[in-house]
Amino acid sequence: MFRILQNSILILLTGLVLINVVMAEGNITKSKWWSRMEQEAKQSGYHLISTQDAQKWYEHHETFIAIDVRPDYEYEEEHLLKALNVEFDLGTRNKISQKKKKQFLKTLGEDKSVKILIYCRSHS
Amino acid sequence: MRLGYKNVYRMPTGFFGWKKDILKHDDLVNNDQMLGKYFPECQFVSINRTQDYLYLGIDQSARKIRLTDIRSQFIYVSLFNEMCSQCVEEIKQYGLLYKFFQHDAKFKNTVKIIGIGAGSSHRGVKKFIKHHNIPYPVFVDKNWDIFKCLGEPPLPVAYLLKKESGSKIKIVSIRNEHIESIADVLKEIGSIIY
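Here the protein sequences line up with chains A and B, keeping their order. Here the first sequence stands for residues 1 to 124, where the numbers follow this note's numbering. Here the second sequence stands for residues 1 to 194, where the numbers follow this note's numbering.
In short, the hints are calculated from the structure, not lab data. Computed from a prediction, not measured in an experiment: that's the story for all the values here. Virtual Cβ for every residue (Gly too), placed ideally from N, Cα, C. It cannot be assumed that every hint is accurate.
Stated by the list, open to error - Think about it this way: if two alpha-carbon atoms lie no more than 16 Å apart in a straight line, the pair counts; the simulated EDC-like pairs of lysine to aspartate or glutamate are: (1) Lys64/B / Glu41/B; (2) Lys115/A / Glu62/A; (3) Lys92/B / Asp21/B; (4) Lys37/B / Glu152/B; (5) Lys24/B / Glu78/A; (6) Lys19/B / Glu74/A; (7) Lys6/B / Asp111/A; (8) Lys19/B / Glu77/A; (9) Lys130/B / Asp52/B; (10) Lys56/A / Asp21/B; (11) Lys6/B / Glu110/A; (12) Lys163/B / Asp21/B; (13) Lys19/B / Glu87/A; (14) Lys106/B / Glu177/B; (15) Lys148/B / Asp111/A; (16) Lys20/B / Asp53/A; (17) Lys170/B / Glu41/B; (18) Lys106/A / Glu78/A; (19) Lys187/B / Glu177/B; (20) Lys20/B / Glu78/A; (21) Lys102/A / Glu87/A; (22) Lys56/A / Glu87/A; (23) Lys126/B / Glu177/B; (24) Lys168/B / Glu41/B; (25) Lys168/B / Asp21/B; (26) Lys19/B / Asp53/A.
To be verified - DEER-style ranges, computed between Cβ atoms: (27) Gln73/B / Thr63/A: 51 to 61 Å; (28) Ser50/A / Gln73/B: 36 to 46 Å; (29) Asn109/B / Glu38/A: 33 to 43 Å; (30) Asn143/B / Lys56/A: 37 to 47 Å; (31) Asp72/A / Asp104/B: 39 to 49 Å; (32) Glu78/A / Lys142/B: 29 to 39 Å; (33) Leu3/B / Glu78/A: 25 to 35 Å; (34) Glu38/A / Asp104/B: 47 to 57 Å.
Unchecked claim - Take a look, some chain B residues computed to stay more than 10 Å from chain A by CB distance: (35) Leu3; (36) Gly4; (37) Gln43; (38) Pro135; (39) Pro154; (40) Lys163.
Chain A extracted, bound-state conformation (with noise of 0.2 Å):
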């Protein structure tokens, strides 16, 4: 009886200690992407948040502009509370025209420390 007590606590142990890994795991998995895009973020010379912590912003009352980069009918379909639209293209990225670099300074002022949340579809 004893034994049999034994063995199930042995059992149960081990299940707990192959969870534990295999949630560590899945942990470590996701912070390998992050670790790269906190690279990009370094080089670039912007920060990165999580959905949790921009939630928080939100929770908080921060003072903050929301830039949401999509395609205008992605924007108006939905998007994140009080978000402006400063629609970007791909091509955008390594070069910003004088019409696009205008809208952007009109929509988030001269503040230039000013807090800025930009966003878009996904990861890309």
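Once you have looked at the hints, place chain B on chain A.
Chain B alone, transformed into the frame defined by chain A:
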């Protein structure tokens, strides 16, 4: 491009990530609605003609390449844009995949890899191939036609296509998650092909 703003935060998982994580919507990236459908019919002009034709098994007299002409049952298509940084990351991974396929007797004649530059120019793709030393054929979807037929998916995205009878090519797998390990991609492809 910061225009002097110092406190710029990018949410890399984007609006889809927001819907999934915060709004708990899972029915999002409708990219998967293309699964099981036929890949749009398309013809391409080769950039590295001799090399591309040889790899894909295309007759040298053919002026353009159609996917149906490629001599393999499966085709792995990487859809990208050269301005998309995540695409660039993945291109490097697909270079490794290409090398693996070429050295593996099982995969070598069963699956071919190609890239399609969505919204890219011929010149842009040529420079891109040279700059990143891409070993597999890359073609141009200059006017976003293929991209639009595929439902304007978030880039990068990769499709595993299977040739069926009657010049139809079916989408049997779609990869729209970032690649953590090329071994995962190999496993995925292997499980479908074999």
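Does Asp52/B sit within 16 Å of Lys130/B, going by the straight-line distance between their CA atoms? Holds, at roughly 14 Å.
Checking one constraint from the list: CA of Lys6/B to CA of Asp111/A, max 16 Å. Satisfied? holds (10 Å)
Taken at face value, is the distance from the CA of Asp21/B to the CA of Lys168/B at most 16 Å? violated (37 Å)
Given the hinted pair Lys106/A and Glu78/A, is their alpha-carbon gap at most 16 Å? violated (22 Å)
With 36 to 46 Å as the target window, see if Ser50/A and Gln73/B comply at their CB atoms. For Ser50/A and Gln73/B the Cβ distance comes to about 41 Å; the hint holds.
Would the least Cβ to Cβ distance between Gln43/B and chain A come out above 10 Å? holds (24 Å)
Hinted pair, alpha-carbon criterion (16 Å max): Lys102/A, Glu87/A. Please report holds or violated. holds (13 Å)
Range hint compliance [Cβ, Asn109/B to Glu38/A, 33 to 43 Å]: Holds - the Cβ-Cβ distance for Asn109/B and Glu38/A, about 40 Å, lies within 33 to 43 Å.
Would the pair Lys20/B and Asp53/A pass a check requiring their Cα atoms to be no farther apart than 16 Å? Cα-Cα ~14 Å, so holds.
Checking one constraint from the list: CA of Lys19/B to CA of Glu87/A, max 16 Å. Satisfied? violated (20 Å)
Between Lys148/B and Asp111/A, does the CA-CA distance stay at or below 16 Å? violated (38 Å)
Taking 16 Å as the top limit, are the C-alpha atoms of Lys170/B and Glu41/B close enough? holds (11 Å)
When the structure is compared with the earlier hints, violations turn up for hints 3, 12, 13, 14, 15, 18, 22, 23, 25, 34, 35, 36, 39 and for no others.
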